Amino acid sequence: MFLAMVEHNIQIMLMQESDLDAVVQIEEESFSDPWKKSMFATELKEQGFSTPLVVKDNGKVIGYAIFWQVLDEAHIGNFAIHREYRRKHIGSLLMQHIIELAIKRKIKKITLEVRVSNTPAIELYRRFGFREIAIRHNFYHNPIEDAYVMLKSML
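Per the working numbering, residue 1 is the first one in the sequence shown, and the count goes up by one each step.
What the hints contain is simulated information worked out from the structure, not anything from laboratory work.
A couple of the hints might just be wrong.
[Unchecked claim] The calculated DSS-like cross-link candidates involving lysine-lysine, where the alpha carbons are at most 30 Å apart (straight line), are:
{"id": "1", "residue 1": "88", "residue 2": "109"}
{"id": "2", "residue 1": "37", "residue 2": "56"}
{"id": "3", "residue 1": "108", "residue 2": "45"}
{"id": "4", "residue 1": "45", "residue 2": "60"}
{"id": "5", "residue 1": "88", "residue 2": "56"}
{"id": "6", "residue 1": "56", "residue 2": "36"}
{"id": "7", "residue 1": "37", "residue 2": "88"}
{"id": "8", "residue 1": "37", "residue 2": "60"}
{"id": "9", "residue 1": "88", "residue 2": "104"}
{"id": "10", "residue 1": "104", "residue 2": "45"}
{"id": "11", "residue 1": "104", "residue 2": "56"}
{"id": "12", "residue 1": "109", "residue 2": "37"}
{"id": "13", "residue 1": "36", "residue 2": "60"}
{"id": "14", "residue 1": "45", "residue 2": "106"}
{"id": "15", "residue 1": "109", "residue 2": "36"}
{"id": "16", "residue 1": "106", "residue 2": "56"}
{"id": "17", "residue 1": "88", "residue 2": "108"}
{"id": "18", "residue 1": "56", "residue 2": "109"}
{"id": "19", "residue 1": "56", "residue 2": "45"}
{"id": "20", "residue 1": "104", "residue 2": "60"}
{"id": "21", "residue 1": "45", "residue 2": "109"}
{"id": "22", "residue 1": "88", "residue 2": "60"}
[Said to hold, decoys possible] Pairwise CB distance ranges, derived in the manner of DEER restraints:
{"id": "23", "residue 1": "17", "residue 2": "133", "range": "31 to 39 Å"}
{"id": "24", "residue 1": "89", "residue 2": "137", "range": "18 to 26 Å"}
{"id": "25", "residue 1": "37", "residue 2": "142", "range": "13 to 21 Å"}
{"id": "26", "residue 1": "88", "residue 2": "137", "range": "28 to 36 Å"}
Bear in mind that the values here come from a model prediction, so they are computed numbers and not experimental data.
Ideal Cβ positions, reconstructed from N, Cα and C, are used throughout, including at glycine.
Could you build the full structure based on these sequences and the hints that come with them?
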């Protein structure tokens, strides 16, 4: 399902089963403790609670995000951009799309966790108004690392 044309050849749309292999490849290249294909497949079945998105460049999956909504709150559970497309504002386009969906859905706050060492991601989130509100100790594995809990108030 097509949701938005945000730049010349970039599209952001709901993730489909046919996108899963490309999503898993980006996941495995991006994270030391990656989600499994079955986890993404479950997200496709949970639509209503889960909003799995992909970013495509001329039909090629170059990024994705999963966010969950419970009542008037959202949580970004996964967010990654293919390494060849990083630092090209694709992450910003995807985050802007998530925020626009949140506004339409009358979400009051968005949260996420991020490795404390992931400076590029932290900088992206801060640019969109997220701020650190807590630390989850030993949240990540492989290697073990703390996570910042970040919050964006939509009010």
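Each hint tested on the structure:
1. For the hint linking residue 88 to residue 109, the alpha-carbon distance of about 27 Å falls within 30 Å, and the restraint holds.
2. For the proposed pair residue 37 and residue 56, the alpha carbon gap of about 19 Å is at most 30 Å, so the pair holds.
3. The hinted pair formed by residue 108 and residue 45 meets the criterion: a straight-line CA distance of about 25 Å does not exceed 30 Å.
4. At most 30 Å may separate the alpha-carbon atoms for a hinted pair to count; residue 45 and residue 60 meet this at roughly 22 Å.
5. Annotation: proposed proximity of residue 88 to residue 56 holds, straight-line Cα distance about 14 Å (limit 30 Å).
6. Straight-line distance between C-alpha atoms of residue 56 and residue 36 comes to about 21 Å, which keeps the hinted pair within the 30 Å bound.
7. For a cut-off of 30 Å, the pair hint linking residue 37 to residue 88 stands: about 26 Å separates their Cα positions.
8. Between residue 37 and residue 60 the alpha-carbon distance is near 18 Å, which keeps this suggested pair within the 30 Å criterion.
9. Taking the CA atoms of residue 88 and residue 104, the gap is near 26 Å; set against the 30 Å cutoff, the hint holds.
10. Distance restraint check for residue 104 and residue 45: the Cα-Cα separation of roughly 22 Å lies within the 30 Å cut-off, and the hinted pair is therefore satisfied.
11. Distance hint between residue 104 and residue 56 is fulfilled; the C-alpha atoms sit about 22 Å from each other, no more than 30 Å.
12. With a C-alpha separation of about 28 Å, the suggested pairing of residue 109 with residue 37 holds against the 30 Å cut-off.
13. A distance of roughly 20 Å separates the Cα atoms of residue 36 and residue 60; the hinted pair therefore holds under the 30 Å criterion.
14. Taking the CA atoms of residue 45 and residue 106, the gap is near 23 Å; set against the 30 Å cutoff, the hint holds.
15. Proposed proximity of residue 109 and residue 36 is supported: the alpha carbons are some 28 Å apart, at most 30 Å.
16. Between residue 106 and residue 56, the direct Cα distance comes to roughly 26 Å. Compliance with the 30 Å bound is thereby established for this hinted pair.
17. Note on residue 88 and residue 108: the hinted pairing holds, with a Cα-Cα distance of about 29 Å set against a maximum of 30 Å.
18. For the suggested pair residue 56 and residue 109, the alpha carbons sit about 27 Å apart, so the restraint of at most 30 Å is met.
19. Note on residue 56 and residue 45: the hinted pairing holds, with a Cα-Cα distance of about 21 Å set against a maximum of 30 Å.
20. Straight-line distance between C-alpha atoms of residue 104 and residue 60 comes to about 27 Å, which keeps the hinted pair within the 30 Å bound.
21. For the suggested pair residue 45 and residue 109, the alpha carbons sit about 24 Å apart, so the restraint of at most 30 Å is met.
22. Using a Cα cut-off of 30 Å, the hinted pair residue 88 and residue 60 holds, with the two alpha carbons roughly 16 Å apart.
23. Evaluation of the 31 to 39 Å hint for residue 17 and residue 133 yields a pass: the beta carbon distance comes to about 35 Å.
24. Between residue 89 and residue 137 the CB atoms are about 33 Å apart, so this pair departs from the stated range of 18 to 26 Å.
25. For residue 37 and residue 142, the Cβ-Cβ distance of about 18 Å falls inside the hinted range of 13 to 21 Å, so the restraint holds.
26. A beta carbon spacing of about 34 Å between residue 88 and residue 137 agrees with the range 28 to 36 Å that was offered as a hint.
In this structure, only the earlier hint numbered 24 is contradicted, and the remaining ones agree with it.
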